[in-house]
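From first to last, the protein sequence lines stand for chains A and B. For the first sequence, counting from 1, position 350 maps to 400 in my numbering; every step adds exactly one. For the second sequence, counting from 1, position 226 maps to 317 in my numbering; every step adds exactly one.
Hint data in this document are derived by calculation from the structure and do not stem from the laboratory. From the three backbone atoms N, C-alpha and C, an ideal C-beta is built for every residue, glycine too. Be aware that a few hints might be false.
[Said to hold, decoys possible] Here are a few chain A residues that face chain B, going by a calculated C-beta distance under 7 Å:
hint	residue
1	60
2	70
3	163
4	461
5	463
6	483
7	542
These are the residues of each chain, in order.
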Amino acid sequence: MPTSSATPDNPLREGLLSRSVPEPCSLVIFGATGDLNHRKLIPALYNLAADGNLPPSISVVGFARREKTDEQFRTELETAARKFSRQKINDELWSNFASSIFYHRSEFNDLSGYESLARRLDELDAQRGTRGNRLFYLSVGPDQFPIILENLRKSGLNKANDGSWARVIVEKPFGTDLPSAIELNSTVREVFNEADTYRIDHYLGKETAQNIMVLRFANAIFEQLWNARYVHHVQITASEPLGVGGRAGYYDKSGAMRDMVQNHLLQLLTLTAMEPPTDLSADAIRDEKVKVLRSLRRISGADVAKYTVRAQYTAGSVNGEDVLGYLQEENMPAGSQTETYVALEVNVDNWRWAGVPFFIRVGKRLPKGATEIALHFKSVPPVLFHQTGQTIDDNVLVIRIQPDEGVSLRMSAKLPGSSLRIEPVKMDFHYGTSFGKATPEAYERLLLDAMAGDATLFARRDEVEEAWKFVDAIRAAWDSGEGGPLATYSAGTWGPDEADALVNRSGATWRRL
Amino acid sequence: MSTDLVLSPGLPVEIGRIEKELGKLWEESGDSKTRASLINLAIYTESAEAVAKNTDLIAQIASEHACRAILIYANRTAPERGAKAWINAHCHAAGKREICSEQITFQLDGDSPSALTNVVFAHLDSDLPLCLWWQAPFPDHVDSRLWSWIDRLIFDSNMWAEPTKQFARVRQFANTRTVLCDLNWTRLLSLRQGLAQFFDNACALPCLCEIDRVEITHAPGSRISALLLLGWLASQLDWKLDSVLGRHSFRASDQREVAFELIEKPGAIISECRLTAGPAKFCLERDKGQEFFHARMEGGPFEAKSQLLPAHRGRITDTLLVELGRGGKHPLYAKALDLIEPLIP
């Protein structure tokens, strides 16, 4: 993936693998007292500082409603960083980093809070040399986006002075359907240019997601087979053993389709199915991903019952512990029809993938957590070993996104002995085994990219809207009852029987993970 | 002084049975251990004492960079030729399993270059790159069959007693496919990154063309490190060495003189590097044992800044891990070396 450089003419950068540090800037985090900031953003920023990747002048300004001082805020964040940072906290470095952290209390809907923020950022620019560069991170629920954006506009914070920049990072969900996404995108666009808008999908910041392109386009052996001629079907799975936990309010309105499929799963699908981009620029890559989304055969009306399965977990057992069903979770509306599991058969109607089903499944309260992409290759012609009554398993190439990141290839081998017996064996590459050191967290890469103005790993407006078009058609049928009833599955199982039937009719079975 | 190994670096095995014995090692471990390898890491030493240290180092390297390690102790002064071998494995926990790297240790008695070539050829993990760390002075003549197989030749110019002679020998590999990896150069990486970072600042960038003085403070015995850093600056900024009456300085392309001073002082290998460009000053400073540089820039057409930047940790294990983790060629190393060659003691 490309990196941008603040000063490409710096001759001392030649040959250094580390990228140029971004220009000095102020990072304003809305919703700074929230979980994301404590668990992900601040540890990511600390790790960037520890690796020498942050600019010498940076101000991190937390914007939230609760009353607290800079010092209280720093103390809270230190506790979080010590708990969640991938690198051990060095006291001297933390102290140095913490001196760049500030807290600004305001209601999101109070314009005067933004005006005082503007004044404070100007002061920090003067004190700390952050040069008027601003990066606004909306780490808040989507219902807060419009008011925050509107107040950023009214207070003039969206406008950068000459030679400076103002950017915004938007956390998912990017809307709840196509109209709301268009509306949100329009709201954002009224305030920030598309080029200054960074829609974060943390899956794209994961090393293994970035490795998909390397695996495909830096290895001659795979790309030759990466098409309908050799691939029977593709399975993309994102399973998790957790239930909705304390997120009942959000999750029940969202469901698995909006929460996972519209963004993470379709992003993985586009990286798997896309054509080689013309270069590694952000737009060249995103152009190819959008083409895939446009090639997805729309599933609507009566087809929804045929090509989709939605389900909700009931009580069961996960990791040896009895767990409640979805409807029994705390604060859950009675009779909720929200899906916690989705299985889809998706067809990519283009030259490369015609006739190859992409099966997607995502679910909560499944037996274990795993995200992976599996390419199942077609069978060998049944003319040789089959005559001896042998069953030969198909080759499967698996890209494990998390956990235990890596790549494996299943192939057939002869069992030692005088008789001919063929069994599947697996060639397995584990990142953790080969590269023992901890890889950077997705948010480290994404924050750095946004500061440096590199949008490659962020979703573009048309990507988001194309994904919603695809998802909305399915949801419409589900909501109208045309898409079939909501199935159920016991917590701790791999989903409903209907999902098995979905893949079985194509001669496939879900992978055992 | 060369001698027999006092401490055994593993299980003694017949040389002809090494692969079989390694196989047994894995069979006996059941499914609990996974053998992993990214590279062949061969280490050549002529010091018996270094074998234990290297075994310890390999164990640490293997936990982050799985490899097949081939440790060769050449007991060249032994009166009779002979060879002995040991095998062992370095394992570390990874979830429920253990990930293991193999180490094969050889003691080669007597002066036999062909034996060295053979043990390396015969015990490589196929299709993986060969990194050879040469911990002794380079010989006058090398076995081209062996050296042509080396993907990365690792050495540490900070350890050389006769650097001029050794650099000349290293240069015979300059035009081959072998990548020269001077750990002394690798140690400078964080310094180079820190210095480069000053000039990522667009307001500071023009100062690069105005540098008129470089001061580098180095530990006793680390003058080569300081020279390599100086050579890197000179080659990247297009300075040419100028000598007048035995006094050396650099001359920039605009004929500006760039004075330099190398100051010896106990402490980190490079404890300070200070660049002066008229009134502008750029300084990286590090106290011994500190993990960070204090980076300061002031006095120029930019806001004065100070920052903590990560510094090289100083342990040889860390240096080797950085080198193995970086990959790629080091074209700037040869350029830097060219410029400082007349200054090498």
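### Task
Report the numbers of all earlier hints that the structure fails to satisfy, in ascending order.
Of the numbered hints, 3, 4, 5 and 7 do not hold.
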